[in-house]
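There are 2 protein chains.
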Amino acid sequence: MIEKAVILSTGDELTTGKVVDTNSAFIADGLFALGIRVAAVVKVGDDRDQMLWALRQAQELGDIVIGTGGLGPTADDLTTELVAQLLGVRTKQDDGVAAALKTRFAKRGMAFTANNLKQAVFPEGAVIIANPSGSAPGFRVELGRGKTLLWLSGVPHEMSAMLRESVLPWIVERNGSQSTIHEATFKIHGISESKLDDLVRPLDLGNVAKLSFRAHFPDLTLRLTVNGGAAQTEHFLKLRGQIKNILDDYIYADREVTMEEVVGQLLLNKQQTLAVAESCTGGLISHRITRVAGSSAYFFGAAITYSNAEKIRALGVNPATLDHVGAVSRDTALEMAQGIRQRTGATIGLSVTGVAGPSGGSADKPVGTVWVSICRENFHQARLLNLMVLTDRERIVQGTAQAALNWLRQLLS
Amino acid sequence: MIEKAVILSTGDELTTGKVVDTNSAFIADGLFALGIRVAAVVKVGDDRDQMLWALRQAQELGDIVIGTGGLGPTADDLTTELVAQLLGVRTKQDDGVAAALKTRFAKRGMAFTANNLKQAVFPEGAVIIANPSGSAPGFRVELGRGKTLLWLSGVPHEMSAMLRESVLPWIVERNGSQSTIHEATFKIHGISESKLDDLVRPLDLGNVAKLSFRAHFPDLTLRLTVNGGAAQTEHFLKLRGQIKNILDDYIYADREVTMEEVVGQLLLNKQQTLAVAESCTGGLISHRITRVAGSSAYFFGAAITYSNAEKIRALGVNPATLDHVGAVSRDTALEMAQGIRQRTGATIGLSVTGVAGPSGGSADKPVGTVWVSICRENFHQARLLNLMVLTDRERIVQGTAQAALNWLRQLLS
Numbered sequence: 028m029i030e031k032a033v034i035l036s037t038g039d040e041l042t043t044g045k046v047v048d049t050n051s052a053f054i055a056d057g058l059f060a061l062g063i064r065v066a067a068v069v070k071v072g073d074d075r076d077q078m079l080w081a082l083r084q085a086q087e088l089g090d091i092v093i094g095t096g097g098l099g100p101t102a103d104d105l106t107t108e109l110v111a112q113l114l115g116v117r118t119k120q121d122d123g124v125a126a127a128l129k130t131r132f133a134k135r136g137m138a139f140t141a142n143n144l145k146q147a148v149f150p151e152g153a154v155i156i157a158n159p160s161g162s163a164p165g166f167r168v169e170l171g172r173g174k175t176l177l178w179l180s181g182v183p184h185e186m187s188a189m190l191r192e193s194v195l196p197w198i199v200e201r202n203g204s205q206s207t208i209h210e211a212t213f214k215i216h217g218i219s220e221s222k223l224d225d226l227v228r229p230l231d232l233g234n235v236a237k238l239s240f241r242a243h244f245p246d247l248t249l250r251l252t253v254n255g256g257a258a259q260t261e262h263f264l265k266l267r268g269q270i271k272n273i274l275d276d277y278i279y280a281d282r283e284v285t286m287e288e289v290v291g292q293l294l295l296n297k298q299q300t301l302a303v304a305e306s307c308t309g310g311l312i313s314h315r316i317t318r319v320a321g322s323s324a325y326f327f328g329a330a331i332t333y334s335n336a337e338k339i340r341a342l343g344v345n346p347a348t349l350d351h352v353g354a355v356s357r358d359t360a361l362e363m364a365q366g367i368r369q370r371t372g373a374t375i376g377l378s379v380t381g382v383a384g385p386s387g388g389s390a391d392k393p394v395g396t397v398w399v400s401i402c403r404e405n406f407h408q409a410r411l412l413n414l415m416v417l418t419d420r421e422r423i424v425q426g427t428a429q430a431a432l433n434w435l436r437q438l439l440s
Numbered sequence: 028m029i030e031k032a033v034i035l036s037t038g039d040e041l042t043t044g045k046v047v048d049t050n051s052a053f054i055a056d057g058l059f060a061l062g063i064r065v066a067a068v069v070k071v072g073d074d075r076d077q078m079l080w081a082l083r084q085a086q087e088l089g090d091i092v093i094g095t096g097g098l099g100p101t102a103d104d105l106t107t108e109l110v111a112q113l114l115g116v117r118t119k120q121d122d123g124v125a126a127a128l129k130t131r132f133a134k135r136g137m138a139f140t141a142n143n144l145k146q147a148v149f150p151e152g153a154v155i156i157a158n159p160s161g162s163a164p165g166f167r168v169e170l171g172r173g174k175t176l177l178w179l180s181g182v183p184h185e186m187s188a189m190l191r192e193s194v195l196p197w198i199v200e201r202n203g204s205q206s207t208i209h210e211a212t213f214k215i216h217g218i219s220e221s222k223l224d225d226l227v228r229p230l231d232l233g234n235v236a237k238l239s240f241r242a243h244f245p246d247l248t249l250r251l252t253v254n255g256g257a258a259q260t261e262h263f264l265k266l267r268g269q270i271k272n273i274l275d276d277y278i279y280a281d282r283e284v285t286m287e288e289v290v291g292q293l294l295l296n297k298q299q300t301l302a303v304a305e306s307c308t309g310g311l312i313s314h315r316i317t318r319v320a321g322s323s324a325y326f327f328g329a330a331i332t333y334s335n336a337e338k339i340r341a342l343g344v345n346p347a348t349l350d351h352v353g354a355v356s357r358d359t360a361l362e363m364a365q366g367i368r369q370r371t372g373a374t375i376g377l378s379v380t381g382v383a384g385p386s387g388g389s390a391d392k393p394v395g396t397v398w399v400s401i402c403r404e405n406f407h408q409a410r411l412l413n414l415m416v417l418t419d420r421e422r423i424v425q426g427t428a429q430a431a432l433n434w435l436r437q438l439l440s
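Residue numbers (this note's numbering), protein chains in the order written: chain A, 28 to 440; chain B, 28 to 440.
This is chain A alone, in the form it adopts within the complex:
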């Protein structure tokens, strides 16, 4: 039974402060949902002695050790070699992985240099963990005394795919049915993490249910997990229902999905098409919408109008409107949404205009003042977002895009 884990992150970028390590939080979150306690997270640089020290500590402390990083082709990628040293085994090239690497490179017309073969070398006896999004596979080895080490790529999107597709299912299988977990995920918009915490605090969780929050602005995720298998199904369903009641409109999805995926699906279902006019968001809304594969079925395009002249030229905003009430105003937002809808022929026009800062704010239109408008058949409205609280440019832009997409979602639902 796996109860205690140690997470290892390796790389000089972590011990020199050049990169904030998000991998270990992601892994800890995944383990938490399976009821596994993380005894420690240890980060060391690309240094033989420190890495061996970390491996030995982790082996001592955890039932499982999950490590990331150092699997690449370069000289500072030491993981395989040091794990083999820890285990007292040799390293060995896996011919299947080597062949797959060569094919991968050939397919892309890239030269296959000798150092790339390093990614096909593993400690003897290792089970290979597939990397569906990158070239370097990971591996799993037994550490003795029922302990296991699993090593993944340090590249976040590769790591997350490997964790989800290989590591977590392996843990579930290993821990057997008593570890079946009931799990519900809620994607939240419109309240802060501390407000969310206040709202769900009165819930009677008992000792098998856990709530976890994950705030990665502008995304906020609440997860309910209930351990204990079938005996706890009722408790789980009751809690899930209570959460839905309490949070209600703040929930934009009850599964792990992005806002743009929800909006895209709604546009498809309702046979609507969308065009966007962006000012302060500078293209982020369009970028998010088009991140979804297949979005060309409902997205016509956008005008990013970063000047008054462009608002007039590309969207037909009335120069008098800009003169009288300015670019950041209800009227300008309304005209932008109408303009992009009419010109593109999309059934829905969405517009955004605001002050993202750091400069450009004024007493009556401080940084964070944003107008959003939606224009469709028999509907043409604008809304003021007061995002002063977000303070910095990047967060105001991100928060605006999320709020605009959420409003569109509500209208389509």
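Treat the hints with care, as some may be off.
Given that identical chains are not distinguished, each listed pair holds provided it fits within a single copy or across any two copies.
To be verified - With a Cα cut of at most 25 Å, we get these calculated SDA-like pairs of lysine to any residue:
id	residue 1	residue 2
1	Lys222	Ala324
2	Lys392	His407
3	Lys237	Thr43
4	Lys145	Ala390
5	Lys392	Ile339
6	Lys237	Ile208
7	Lys119	Ala211
8	Lys214	Leu226
9	Lys222	Thr212
10	Lys134	Leu226
11	Lys45	Arg241
12	Lys214	Thr43
13	Lys45	Leu195
14	Lys392	Glu192
15	Lys214	Thr49
16	Lys134	Asn296
17	Lys265	Leu226
18	Lys134	Gly426
19	Lys145	Asp74
20	Lys31	Gln86
Derived from the structure by calculation, the hints contain no laboratory data.
We have chain A; now place chain B onto it with these hints.
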């Protein structure tokens, strides 16, 4: 002489994945600038055994230990008690801190409850570290054998103030002037991490210089660090020059800066203005350009044309071009760049059209086929990017944006 540090972060929120730990990266970055190597970063939950284990490991490994968290008034704040246990000393209330706490609470009209006095208790013999932005001060204690432990608040803005105002100055005083480090950063575009590694491998680093790579697609960073103070200046300058020679055109910046910041600065310097026509990148190029504060000085706007109809309407692409050679073609890219330039009046028009996938590819235009075009006075060209190697939609979009911006950078340089 302080050479090696260990950073400890404590708190259940870190081991359950609820919060991404940014404190340790901030501290590591501050130490790196003083030439101090971080041997390890260790994170544990609010748990007696794990915390004591972490303290003992840190005491063993580091010349200094910098810890955060667990100084608050609640029951799960264990730091002071456990550090005293580690040292074999008692804890003791500091009357000055107790009085200051009471004053602080009274000033804010907050009730001073007994548990708040916990924040005035320190291990015997500790030197108090002031907390200019919060209620809980930190402390410094000697660990024996010339080693020192410094403990700070875990609240990021309190921690950073304490680090900057107390910890780093204390280290500088303690280490004297011989602790300077030489550092150079190179931002790279156009080669893979493994190719980069091949190119720099022949460098004669000696034992004080180190190269580290960081790949965060589409960004690739190479950093050279040389320890040893003034005696190593010449060695550092020689290596830096060699790297510049070897990598030459692959280097797009020699400091920690983004591609869009470099391009923005060049546009400003050359008094040029930009407008963009995006198809497969869906707004990402515009979003990146407008992430830079002040970009409205050189960025007019963009047309995101996700359909043929929009390419014709918003950019004036000739329908015959689309009929004969298709949307993903040299001619369409050329017409898009010219169209956006002419219509907006920007001095430079940049366009992108390609197949981001996962569907939409064909035998002669597979997923990853992308055309980029730039149109400015006396210059109107298009380039084919073969990005099949990137395989997934998100990476093709990201890679395209980076390559397009880099071409623009080269033309402006």
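Intra/inter-copy verdict for Lys119 and Ala211 if alpha-carbon distance must be at most 25 Å: Cα proximity of Lys119 and Ala211: none, with 42 Å in one copy and 37 Å across.
Status of Gln86 relative to Lys31 across identical chains (alpha carbons, at most 25 Å): Close inside one copy (11 Å) and across copies (24 Å); limit 25 Å.
Within, between, both or neither: Lys392, His407 at alpha-carbon 25 Å: within (23 Å within a copy, 41 Å between copies)
Homo-oligomer pair classification [Ile339, Lys392; C-alpha up to 25 Å]: The answer is within: 21 Å in one copy meets 25 Å, while 37 Å across copies does not.
Same-copy or cross-copy closeness of Lys214 to Thr43 [CA-CA at most 25 Å]: between (34 Å within a copy, 17 Å between copies)
Status of Thr43 relative to Lys237 across identical chains (alpha carbons, at most 25 Å): For Lys237 and Thr43, only the inter-copy Cα distance (11 Å) is at most 25 Å; the intra-copy one is 34 Å.
Lys45 and Leu195: within-copy, between-copy, both or neither at 25 Å Cα: between (29 Å within a copy, 18 Å between copies)
Status of Ala324 relative to Lys222 across identical chains (alpha carbons, at most 25 Å): Classified as neither; 37 Å inside a copy, 39 Å across copies.
Lys392 and Glu192: within-copy, between-copy, both or neither at 25 Å Cα: Answer is neither: 48 Å inside a copy and 31 Å across each miss the 25 Å cutoff.
Within, between, both or neither, where Lys214 and Thr49 count as close if Cα-Cα is 25 Å or less: Intra 20 Å, inter 22 Å, cutoff 25 Å: intra and inter.
Intra- versus inter-subunit Cα pairing at 25 Å for Lys265 with Leu226: within (16 Å within a copy, 60 Å between copies)
Homo-oligomer pair classification [Ala390, Lys145; C-alpha up to 25 Å]: Result: close neither inside a copy nor across copies, 60 Å intra and 33 Å inter.
Consistency note: the structure conflicts with the earlier hints numbered 1, 4, 7, 14, 16.
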